[in-house]
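Engineer: If you're matching them up, the sequences are chains A and B in order. Heads up: the first sequence begins at 8 in this note's numbering, then just goes up one per residue. Heads up: the second sequence begins at 40 in this note's numbering, then just goes up one per residue.
These are computed hints drawn from the structure, not numbers from a lab. Treat the hints loosely; a few may be bogus.
To be verified - Now the in silico label distances, taken between C-beta atoms and shown as ranges:
1) B:R171 with A:A235: 46 to 52 Å
2) A:I251 with B:N159: 40 to 46 Å
3) B:E161 with A:R49: 22 to 28 Å
4) B:R160 with A:G44: 17 to 23 Å
5) A:L17 with B:S66: 29 to 35 Å
6) B:R127 with A:T261: 53 to 59 Å
7) B:E176 with A:A235: 31 to 37 Å
8) B:T142 with A:T261: 44 to 50 Å
9) A:F29 with B:T269: 46 to 52 Å
10) B:T142 with A:I251: 34 to 40 Å
11) A:G24 with B:I295: 57 to 63 Å
12) A:V38 with B:S140: 20 to 26 Å
Said to hold, decoys possible - Listing some non-contacts, in silico: residues in chain B with all C-beta distances to chain A over 10 Å:
13) P48
14) S84
15) E105
16) C128
17) K177
18) M190
19) D254
20) T269
The C-beta atom is built at its ideal place from N, Cα and C for all residues, glycine as well.
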Amino acid sequence: MTRALGHYTLSIVRELGDFAAFTSRSFTAAVGSRKLGRRVVRAIYEQGVRCVPVILIVGLFTGLVLGLQGYYVLNKFGSSGLLGTLVSLTLVRELAPVLAALMLVGQAGSALAAELGIQRNSEQIDALETMGASVHAYLISPRLIASVLVFPIQTAFFTLIGLLGGYLSGSVVLALQPGVYWSAVYHAVHPMDVRECLIKAVVFGFLTIAICAYNGFNAHRRKSSTGARAVSASTTRAVVQSSIVVLAADYIITSLLV
Amino acid sequence: MSTAVSTDPFLDVRGVHKRFGENIVLSGVNLAVPRGNVITVLGKSGTGKSVFLKCLAGIVRPDSGEIRFDGQSLNAGDAVCRAEFRRRCSYLFQSNALLDSLTALENVALPLEQTTQIPNREIRDRCMEALRQLDLEKHRDRYPSQLSGGMQKRLALARAIVTRPELVLFDEPTAGLDPLRRNAVFEMIVKYQRQFGFTALLVTHDLPEALVASDQVALLDGGRMRFQGTPEAFNASDDPTVRAFRDSPGELRNTIAALRRGENVNTSNDL
Numbered sequence: 008m009t010r011a012l013g014h015y016t017l018s019i020v021r022e023l024g025d026f027a028a029f030t031s032r033s034f035t036a037a038v039g040s041r042k043l044g045r046r047v048v049r050a051i052y053e054q055g056v057r058c059v060p061v062i063l064i065v066g067l068f069t070g071l072v073l074g075l076q077g078y079y080v081l082n083k084f085g086s087s088g089l090l091g092t093l094v095s096l097t098l099v100r101e102l103a104p105v106l107a108a109l110m111l112v113g114q115a116g117s118a119l120a121a122e123l124g125i126q127r128n129s130e131q132i133d134a135l136e137t138m139g140a141s142v143h144a145y146l147i148s149p150r151l152i153a154s155v156l157v158f159p160i161q162t163a164f165f166t167l168i169g170l171l172g173g174y175l176s177g178s179v180v181l182a183l184q185p186g187v188y189w190s191a192v193y194h195a196v197h198p199m200d201v202r203e204c205l206i207k208a209v210v211f212g213f214l215t216i217a218i219c220a221y222n223g224f225n226a227h228r229r230k231s232s233t234g235a236r237a238v239s240a241s242t243t244r245a246v247v248q249s250s251i252v253v254l255a256a257d258y259i260i261t262s263l264l265v
Numbered sequence: 040m041s042t043a044v045s046t047d048p049f050l051d052v053r054g055v056h057k058r059f060g061e062n063i064v065l066s067g068v069n070l071a072v073p074r075g076n077v078i079t080v081l082g083k084s085g086t087g088k089s090v091f092l093k094c095l096a097g098i099v100r101p102d103s104g105e106i107r108f109d110g111q112s113l114n115a116g117d118a119v120c121r122a123e124f125r126r127r128c129s130y131l132f133q134s135n136a137l138l139d140s141l142t143a144l145e146n147v148a149l150p151l152e153q154t155t156q157i158p159n160r161e162i163r164d165r166c167m168e169a170l171r172q173l174d175l176e177k178h179r180d181r182y183p184s185q186l187s188g189g190m191q192k193r194l195a196l197a198r199a200i201v202t203r204p205e206l207v208l209f210d211e212p213t214a215g216l217d218p219l220r221r222n223a224v225f226e227m228i229v230k231y232q233r234q235f236g237f238t239a240l241l242v243t244h245d246l247p248e249a250l251v252a253s254d255q256v257a258l259l260d261g262g263r264m265r266f267q268g269t270p271e272a273f274n275a276s277d278d279p280t281v282r283a284f285r286d287s288p289g290e291l292r293n294t295i296a297a298l299r300r301g302e303n304v305n306t307s308n309d310l
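Looking at chain A on its own, in the form it has when it is part of the complex (with noise of 0.2 Å):
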């Protein structure tokens, strides 16, 4: 049992070591890479554009309920006037990054680590390696310079369609004034909730898709499963693995900048 505890401990310290080496790697490999920008654009293309809709239909919804549940709270204490602030704080602070980071891990991560995984498996990436190409230059690291800078965007498209979901509940489907739903959000909100919210959204957009793609990457390393079974596992794992890590990371932040 003891025995089995301490493999087990060590297989998690072994992972995480590589888990390291893999994103430093990605990171310093980029230096220098050829038609490097092409492909960041690709990946912002992958990341950013393909993944607006769902961020809007979700981050509308979000923005819905927070004003239809915040109101009718509010409405029994009488304080309506601050479904404003309510639903602002809600979303800037944590709904808008932590939600926007689990929509992107469905559509782009899982995309990501179901990619590699079949070019693991199709000998695609075998194929760079021995031409002597930098496989981390040319297939992570723009992916990985894409997730920071398309994450935060991404994040603040939630938030303000949220703002604006809210003001549909609170304004026009009840019956607060739209000037004390937008003052109120305009008062609540200040420069260093902000600062905290895109804190969150590069460290969320950048470990997700570092998780994805490490397990894409080395789909083939894991002796239980091979072929297409591989490609399906490494992309779940992916998937469970980047959310719980995002949660994680959220109380972490939080705890640090509250």
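Fit chain B to the known structure of chain A by using the hints.
Structural biologist: Leaving out everything else, chain B in the frame of chain A:
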């Protein structure tokens, strides 16, 4: 058929061992590859030919043994020599391993773009030249999935030769092809080997074509090289393993004839 034969092998493999868990795949493989030759490693399916080639290419790390390329050791730790080897060597995968999100032209340009500082215009010229030589010029903007199996094979060869390598490793280049296409692939290999002067190391189990196309053949069996020599020496060999492999078509004829006559024959279960 033989071109320049050097006493010092261009690629020298000594005592390479490789096992996966309990499965011993290579148990002391030796092979000397002279510069400028076409040399074919023959062997049954599952004898470790592809593993051997991947050990040479650095995709699989051997457990022990030494691989020397042009006098330099490629063992673990010799990163500079390994990088030099990769610069001078190309690998043609059995599956072609073309990047499916890139067009034919982009696939061919990839090794030059990622490993050299050659200007983009020159890269394009060299790639177009390689595509032209392999009759793929018209298909430069197509993706690998839009090409036939033979075209994909030619595209993989174009990508392999565009860097002007000195050594090309071919992993089962005719796997899954019909006899006519098998011939075409071997003709293509010999033609471009003559044209570009690279050393070609193939692994295959296509015996008749390999004997015609190669300067030397080697036979891998039971984790070791059982034979290395000219095709003539292979045909004249009395070694039981060589004879079993070489005479397999005749054996098949005799076995089938006996089965048709209704005789009780012990068929081979060695699949």
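Engineer: Kindly confirm whether 29 to 35 Å is satisfied by the beta carbon distance between A:L17 and B:S66.
Structural biologist: 31 Å, holds
Engineer: So B:E105 supposedly isn't at the interface. Is its beta-carbon more than 10 Å from every beta-carbon in chain A?
Structural biologist: 20 Å, holds
Engineer: Is the Cβ of B:D254 more than 10 Å away from each Cβ in chain A?
Structural biologist: Given that every Cβ of chain A is farther than 10 Å from that of B:D254, nearest at about 24 Å, it holds.
Engineer: Please settle this one: B:M190 was flagged as non-interface, so is its CB more than 10 Å from every CB on chain A?
Structural biologist: 17 Å, holds
Engineer: Tell me if the beta carbons of B:E161 and A:R49 are separated by a distance inside 22 to 28 Å.
Structural biologist: 24 Å, holds
Engineer: That 46 to 52 Å hint for A:F29 and B:T269 (C-beta), does it hold up?
Structural biologist: Hint holds: Cβ distance 48 Å, inside 46 to 52 Å.
Engineer: Quick check: does the Cβ-Cβ distance between B:T142 and A:I251 fall within 34 to 40 Å?
Structural biologist: 39 Å, holds
Engineer: Take the C-beta atom of A:I251 and the C-beta atom of B:N159, compute their distance, and say whether it sits inside 40 to 46 Å.
Structural biologist: The hint (40 to 46 Å, Cβ to Cβ) holds, given that A:I251 and B:N159 are roughly 44 Å apart.
Engineer: Could one say that the CB atoms of B:R127 and A:T261 fall in the range 53 to 59 Å?
Structural biologist: 54 Å, holds
Engineer: Indicate whether the distance between the beta carbons of B:T142 and A:T261 respects the range 44 to 50 Å.
Structural biologist: The hinted range 44 to 50 Å holds for B:T142 and A:T261, with Cβ atoms some 47 Å apart.
Engineer: Can you let me know if the beta-carbon spacing of A:V38 and B:S140 is within 20 to 26 Å?
Structural biologist: Between A:V38 and B:S140, where Cβ atoms are some 24 Å apart, the hint holds.
Engineer: So the hint says 57 to 63 Å: do the beta-carbon atoms of A:G24 and B:I295 match that?
Structural biologist: With Cβ atoms ~58 Å apart, the hint holds.
Checked against the numbered hints above, the structure violates hints 1 and 16; every other hint is satisfied.
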